[in-house]
Structure formats: C-alpha cells, structure tokens
Amino acid sequence: MVFAAVFAGGIGSRMGNSDTPKQYLELGTKPVIIHTIEKFFVNDKIDEILVLCPKAWIAHTQDLIKKHLPEGKKVTVIAGGASRNGTLENAIEYIEKNYETDENTVIVTHDAVRPFLTHRIIEENVAAALEYGACDTVIPATDTIVESADGKIISSIPDRTKMYQGQTPQSFRLKELARVLSSLTEEEKAILTDACKIFSIKNKDVFMVEGEVFNIKITYPYDLKVAHTLLKGKDSDD
Amino acid sequence: MINSVYRLIAPGMIDIACTQPDIKNSVLLRPLYLSVCKADQRYYLGNRSREALKAKLPMALIHECVAKVVFDPTGSFKPGEIVVPVPNTPMDEDDIIAENYRPTSRFCSSGYDGFLRDYIDIAPDRLVRVPEGTDLRIASFAELISVSVHAISRFEKFSHKRKESVGIWGDGNVGFITALILRALYPEMKIYVFGTVYDKLAYFSFADGAYHVDHVPEGLKIDHAFECVGGEGSRFAIAQIIDLINPEGSIGLMGVSERFVDINTRMVLEKGLNLFGSSRSGVEDFQRTMDILAENPKIPAYLENLIGGVVEVRTISDIHSAFAQDISRHFGKTVIKWEK
Chain A
7 MVFAAVFAGG
17 IGSRMGNSDT
27 PKQYLELGTK
37 PVIIHTIEKF
47 FVNDKIDEIL
57 VLCPKAWIAH
67 TQDLIKKHLP
77 EGKKVTVIAG
87 GASRNGTLEN
97 AIEYIEKNYE
107 TDENTVIVTH
117 DAVRPFLTHR
127 IIEENVAAAL
137 EYGACDTVIP
147 ATDTIVESAD
157 GKIISSIPDR
167 TKMYQGQTPQ
177 SFRLKELARV
187 LSSLTEEEKA
197 ILTDACKIFS
207 IKNKDVFMVE
217 GEVFNIKITY
227 PYDLKVAHTL
237 LKGKDSDD
Chain B
2 MINSVYRLIA
12 PGMIDIACTQ
22 PDIKNSVLLR
32 PLYLSVCKAD
42 QRYYLGNRSR
52 EALKAKLPMA
62 LIHECVAKVV
72 FDPTGSFKPG
82 EIVVPVPNTP
92 MDEDDIIAEN
102 YRPTSRFCSS
112 GYDGFLRDYI
122 DIAPDRLVRV
132 PEGTDLRIAS
142 FAELISVSVH
152 AISRFEKFSH
162 KRKESVGIWG
172 DGNVGFITAL
182 ILRALYPEMK
192 IYVFGTVYDK
202 LAYFSFADGA
212 YHVDHVPEGL
222 KIDHAFECVG
232 GEGSRFAIAQ
242 IIDLINPEGS
252 IGLMGVSERF
262 VDINTRMVLE
272 KGLNLFGSSR
282 SGVEDFQRTM
292 DILAENPKIP
302 AYLENLIGGV
312 VEVRTISDIH
322 SAFAQDISRH
332 FGKTVIKWEK
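If you read the protein sequences in the order shown, they are chains A and B. Position 97 (the first sequence) corresponds to 103 in the working numbering; numbering is contiguous. Position 217 (the second sequence) corresponds to 218 in the working numbering; numbering is contiguous.
There may be inaccurate statements among the hints.
Within a straight-line C-alpha distance of at most 30 angstroms, the following computed BS3-like cross-link-like pairs (lysine-lysine) qualify [claimed, not checked]: (1) B/K69 x A/K79; (2) B/K25 x A/K238; (3) B/K25 x A/K73; (4) A/K73 x A/K51; (5) B/K57 x A/K238; (6) B/K69 x A/K51.
Distance windows between CB atoms, simulated [to be verified]: (7) B/T197 x A/K231: 50 to 58 angstroms; (8) B/D93 x A/E32: 30 to 38 angstroms; (9) A/H234 x B/M14: 19 to 27 angstroms; (10) A/N110 x B/N26: 30 to 38 angstroms; (11) A/T225 x B/H321: 52 to 60 angstroms; (12) B/K79 x A/N104: 23 to 31 angstroms; (13) A/D50 x B/V257: 56 to 64 angstroms; (14) B/N265 x A/H234: 57 to 65 angstroms.
Hint data in this document are derived by calculation from the structure and do not stem from the laboratory. In this text, a Cβ means the ideal position worked out from N, Cα and C, and glycines have one as well.
Next comes chain B alone, as it looks inside the complex (with noise of 0.2 angstroms):
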C-alpha cells in the first residue's frame, strides 16, 4: 500500500513524501488528534544545529498522537479501537535498561518519521488502549503526559521514602503535568511550585503552593524535587533547588538544554543529593498513564487547561497554522484534528 507522509525537508518547509507499509504484519492506524511538542517546533523553526537537521530531515514531525485502529492482520486490536502508538521502538532486549535509554531505539520524529501521515503503521507492542470515554484531545497528548509518569516513577525508585514536600521547578506543561500526577498518586505529599510568570503559576490551584523564584517565603525547605525548566533557566533552578532541598533528597532532572549547565557540586556532594535524568518514556510509563488517568476522574479535568487551541488540518497550509499558533503559545498544547 502507499501511504502519503508530511515531511519537513526543510525549517518551515512541508511536504508530501509516499511509503510503502508493510500490511501483513503491521497495524495500521489513524490519526485522529495530534499535539504539537516543544522538540517538535526547534526542529521546525530550525533551532537545531545544522549537522542534525542534516542528519535527520527530511522527516514527519509529531511523536504525540491518539489514533483509531484501522486495520490489525496480527488480531491484536480491532478495528475502531482508539490506542496511543508509542513513539519508541527499542531494537533490542535489555533486562537492566530501559527502552528509552538504549541508543539502539528508534524515537518518531527524532530521526525516523513521526506521525504526520496518512496511515501510522506499527507494531501491536507499541500501542496502548485509551481508556472509554477519554477526551481525545487530551490522550492526543498523552506521551507528555507518560514522559511526567516515567519521570516519577524513576522518583519512587531512587528516592528515599520520606516524602512529606516535593518541590516542582517549572511552570510550563511538564511543571504543570507532573506536578499534576504527583498530586493525584500523593494526596498527603505537600507539592510547592517555582516559576517566574504568574499567569502561569496562577494555573496551579490544585498545589499547595505556586511562588515566583524571587519570592519564595522564609525557610520554605523540600524533601525533593523535580526540575522542568530546561535550556538557560536549567542553571538556576538547578541551584535554587539544591538550596532548598534536605540532605539526600532526589532531584530528577527533565528539563532539556543545548548548552552544558554548571551545578553546585560541592552542595550536591554536603547534602549528599540524589541527581537523576529522565528523558522519554517506555510502552510501561503509557500504560501507567492510562491506568491513572482512568482512576483519577479529576484529573483529566486538569488537563483541559492544557489544550491551547484544536487546529483542523485539512492541507499542509493547516500544517503551517498549527506550527504558527503553537509558537506564539505561552502555555499549553496546540493539538491536531487530523482531517488530512
């Protein structure tokens, strides 16, 4: 079969490139909702180096997606089924790593076609069923969301067990995301959040408190944290949390940033702080999210102030839009009804 692909060839430049999918063995899907990602639109805008636009365009962009089961010859799914394909394929088994660390996986639209296409076709493993009733729009962005669940499930297995105040540096998706998901898995756990607008802060009613970085209150301390910054702000949230942070509390590191960033080593090294990375997520971290967001009714309630704006994509001028009106987005997620 053919299947037509949007491709960036270029930033700025789409266009339509055609594969052949395997349909004997793979499962073909529709996209139904998109949602536009960060990495997406520096890939877009042009804001990579050039050796890796060089290396991995042309290439579709969008790793975040809710699609319908068209067709499964493997009898894994039916068709109509709505599932989120996973946008990670590790090309090997590994007892110890996980599969978004393996430098053999193949990551969409990080060098391999993401899912701006007609058909995505994939392998059963890498889909997981939404939950009846989810509102599409959300599970278009549920990658973000299973990028937060890894992020804390990484927590729980290096972090010590005394967990009375989490500390959410950030206050953009991921800040908002995870600080979300830690509230619903820890109802006792105080969750206090750090940015620098207070529009954004103001959207997070549901923590316990939302300060601006020059306006922490007095003696405020934290058992651990999470920092969702990234780029030239990673530094200093990174050092503002190793000073508020209790000896030996976690700090899980999600924010990505193109330049080296300096830490505090010596105060890493005195209060004897656990640093850990956390990048992607893994089909487990997919199916956690779903599991969660099907036992957490409020939650998805939450989730809605993230959807920015539901672009209709009919043409590859709609394409374009989206990408527009994602860049001038201070806050939440630009998603794609898939109409192509």
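If we strip away everything but chain A, and leave its shape as in the complex, we get (with noise of 0.2 angstroms):
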C-alpha cells in the first residue's frame, strides 16, 4: 500500500499579519491545504491520505475536506507532533496500528504548503521509494550557496553544480523509515528534522526526484504573492 501524509503542522508564525496558519489560507476557490491534498486524491497509486494538523485544527480541516473533496478515498486527518520527526512518527504510528505493513509499504509525505507539485512528481516518488528505499525530491541550485560557520565569515562557498535545493515530497518504504526513526537518540531526534538526511547519516541511499521550479512552498507573504500570480490569467478560474 501506498500512504500520503500531507504535513501540516505549521503555525504560519512567518505569514506577516495573518492569524490564519498559511495551508489555510485561501488560493483560487480553495484554501491551499485542499488544493495540495487533492494532489495526492486524484492519483490512483494513493491508497490512502493523512493528514497530520495541529490538534485544534483537525475540526476545521475535516470540514474543509468534507466540503471540497468528492467521495473516493479515505482522508483522515490526525493531530501532528510537536516536531518534524513527531509528526512523521505519528503517521507512522497510525499506519502500523490500522493496517498490515510490510517492505513494500510507501509513504509519500509532503508539505501542505507546496500546492503546485505534478503527477509526474508523485509518481516518481513512489517508484523510487519502492526501488532505493527512500528519496528526496530537489531542483538543481540556482544561486550560489555560502557556508559559513559563525554567521560572518564564508568557511566555504560549495561547486554549485553539485548542489541541489530540497523540496517535497520525501518518501520511504515506511518499515525502513521506522527502523531508522527508531535508531535515534532524543538528542539526535531534536537535531535531525529531515528524514532524508538521517538516512543519509546513517549511510543509506536517497534517491533525487527532479522536482520543479514552481513547486514552491508558501512560506512568506511574498511566495503566495507568486501562487497567486501563477493562478491568474486566461480561464484562471476553470
């Protein structure tokens, strides 16, 4: 089986004056966190969805599924943890507890706030997780990338060509992920947020999925300035 989980457990404290966490904040017709989650409801190789909100959301987010989704295929909306890594453990946890897991189970997660990733995108997720175990979906770097060790100095500024900027969707065959999730201290849990690199860490392959330019995570009132401006134009609203 095949598992998304849409991670929404951001609390928009970057969203300039909105109150509203930004997965909810309207796009087009719908808020952003239906367009993404719709993503994942059209495609047949989804069995079925999760989604990880802060708990005094869940109310409101299975209001929004209800009243935007059409009938077809399991939704369920789960409270998030108080970290990355607890949020992922959550989904896990849920997954182990309702269905019989085995190698061959996926878990595609991705960020509510990126409502522009493809079909192709998706698809490709799916098929690596199953071959390599585990990938990361990226775009090559555009701009060069600066290391620097005490905020002042350059320590180093890195061969672009071989740098990538990450996106979502991760995924990973979920009992692999759990193994891995499970081999980590509280104190390397509070440091590693990315499930990617911790199986780089622990020497595992990841695999890259091409991503896309516009796959962009709405973050700053600037990106869904940019979101806007991508939904606008001739038959915007077909």
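Each of the two chains sits in its own frame; use the hints to bring them together as a complex.
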C-alpha cells in the first residue's frame, strides 16, 4: 500500500499579519491545503491520505475536506507531533496500528504548503521509494550556496553544480523509515529534523527525484503573491 | 486542485500557467502521448494573422492525444483506462448540424487550452476508449485519423453509389490516412494518389497508383476525389480534379488555405459536380475511427510509418525540441511522450 502523509503542522508564524496558518489561506477558490490534498486524492497510486495538523485545527480541516472533496478515497485527519520527526512518528504509528504493513508499504510525505506538485513528481516518488527505500525531491541550485560556520565569515563556497535545493515529497519504505527513526537518540531527533538527512547520515541511499521550480513552498507573504500570480491569467478560474 | 498548463504566450515562447479543474464533475486524464499538428505549428511559428494570435494566445497547444484516466467522479471510466479525448466541445444541441460545424463549439488549441497539461479535465462524453493492444504512439494522432474518417463519412453521405475509383490529391499525412482508410473500407475501389514528391508517393504502396501530378497516365478518370493539399497548392489540385473527375462526381475539400482559391465553376456546373467541405471531427467520428482500427489490423501497420519521431518531454525546453524537429519533417508525425 502507498500512503500520502500531508504535513500541515506549521503554525504560520512567518505569514505577515495573518493569524491563520498558511496552509489554510485561500488560494484561488480553495484553501492551500485542499489543493495539496487533491493532488494525492486523484492519484490512483495513493491508497489513503493522512493529514497531520495541529490538534486545534483537526475539526476545521475535516470540515474543509468534506466541503471540497468528492467521495472516493479515505482521507484521515490526525494530530501532528511537536516536531517534524514527531509528526512523522504519528503517521507511522497510525498506519501500523490500522493496517498490515510489509516491506513494500510506502509513505509519501509532503508539505501542505506545496500545492503545485505534479503528477510526475508523485509517480516518481512512489517508484523511487520502492526501488531505493528513500527519495527526496530536489531541483538544481540556481543561487551560489555560501557556507559560514559563525554567520559572519564565509567558511566555504561549495561547487554549485553539485548543489540541489530540497523540496517535498520525501518518500520512504515505511518499515525502513520506522527502523531508522527508532535508532535515533532523543538528542539526535532534536537536531536531525529532515528524514532524508537521517537516512543519509545512517549511510543509506536516498534517491533524488527531479522536482519543479514552481513546486514552491508558501512560507512568506511573497510566496503567496507568487502563487496567486501563477493562478491568474486566461481561464484561471476554469 | 491546481493544474499546470503549458501555454504558448507568444510565437516560440511557452510558459507555465495554472488552472483549477473541477474534480467533482470532470474526468481527469494524464496525457501519455501527444502529436503535433500543422495547426499547432502555425501558432508556434507565428504563421497566423496578428489578430488571430492576439485573440487566441496565451493558449496551450496540441489537440491530438492519447491519455490514461486518472480520476472520474462520474463513474463512467475506471482509473487506468486508455482513452482519446475529443478536442471539440459542443455548447448546444442541434439535430441537423454536426458538432464540429457549430460556431458555438469550442475547440482545444484553437482559442481554448489544448492538451499540453499535467492533467486534462474533460467531460466524460468527450472520451472514446482505445481498443486494447493499440500502439499508443498511433493512438496519439487518432484525432487526425478521425478527421479523415469524418471526411469519408461525408463522402458516403453526399456521393452517388458508383464508387469504382477515387483520387486523393496530396501526398502528406492527411492524404496518406484518407487513402488508407478508404482502402480498408472499400477494398474493391481503385485508389489513385496524386502528389508532387516521389519519395512521399512511394509510401502509398497500398494504393492502385501513386502519380506525380505532372505525369498522370493518359485517359485516367476517377468517380470521386479528395483534396488533401491546402495552401497555395489547393488551386492546382482542385483544377486537376475537375479535369479528371467523371460527371456528377463528388469532391471532398480537406486542405486549409489562408487565401481564397479560384475554382473552375464552368466545369463544375457542366459536369454537375458536388463539392463539399470537411473540417475537424466529432465524437461519432472518433468512435468510428476506433472501430475501424480494431477491425482492420493491417491499418496500424501502415500508420506506424507515419511516426516520424518520438520526443520525450520532461521540460519546456523539450517541448521546443519537439516543435523544432517537427518543422524539419517532410512526412510523418512528431509524437511527444509526455513525462513532464
């Protein structure tokens, strides 16, 4: 089975004057999170969708799903954790409690605030997770990356041709992910917030799926403006 | 849902735009293979009037496609079914006028977005199932085949019943497909093809004769004809047809011309000829096309010769490559394998 886990845990503290978490802001005719869920909803590779959001937003999220989505696929809303790893653990726990899992069970994790992902990205994530055990969605870096140990002086400038920017989805064989996460100490869990980084540190291969430049994360008010612009134009409301 | 659409914003310039398909009522398809049409190429190169470009762009190109059903809230199709989307959408009912001739109908990649999209959102009655085992590269240009099938259906409607011979003017893709479908439907009828390029005429091995327009055998006559030339060549093709056709024959006009074409009306009148126009196709023609392909296994073998090249598209730059390859192709279709 293949599960999609949509992470909607962010409280949106960076979203300008808005108090509403950014994943619940309207983009076009629907909230951002609904656009994101729909991408997994229509994909027949995905068997069930988990939405992990702040506890206080569970009822609201369920209402939105009921309002906007047709019948046809199970969408379950559960509480996320205090950290990204905690949210990941909640997703694994839910799946293992409710389904018979095996080594071919896949979890596709995705940020609720990336509504522009494409069919190909989802398909290639599922295929890569099955083949390699783990994958990350990336695009080649266009800006030069500068590293600084103290925040003042440049320590190094890595070769840009070898640099990529991480997006989501990140996808894994579920059992392997559970094993890797449980091998971490509490201290490691606090520092290692990226599941692909955890795999990499544990010397496990993480395949790179080609992302899209427009698969943006709506983090800042500027991003929302870009997202609105992408939706404008002829027939934008069709 | 946010859908990515790849629109021509100006000749030679393609950019992403986003739309919001209605997933409660539309069938969602994932394009598998698409095929470049001459009409798309005219927009891409800017070979349309400034007014037409201003009125129709930005717009996603391509109206020939085979696709996989991804999601269908109407329950008409199962996920994974292979279908061909009909690019024409009638906006009203009419018992007399076919859907492809109604001025109110909408046509993809002519004023409305074509199929260069992440998902195609479309009404279930605009889909035709593709027979199992069909070569999907051939199914990608089912729309073009249906245009020939539509013209042949009109020929059956308008022509008299003596059908001993037919002439096809035009040695390009439309001429090839029209001649091939006629061969399958009328095995006893003599099929003669008339063109200007010997290399292309050589492909018509299934015809009873394929002649250069300047070297037509003495005394050759035909009962009916199809003009599949278009452009500046239309005038000469129609003139030669009128010369060679028997009285009361029918002439199907299929070639698009940007300019008015002179026709020898004196001889049209004297011979009592029946000229009819034929353009695009409707859902019935698509269905008949699929039936013909399923019932005539030899046709796909010939149609395979039309696959001039397959371009895998993962980026916008790949779309440009597909159009660039198509420009230099003198025969056959450029097929796009959609991996975007």
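Violated constraints from the hint list, given by number and in increasing order: When the structure is compared with the hints, numbers 11 and 13 turn out to be violated.
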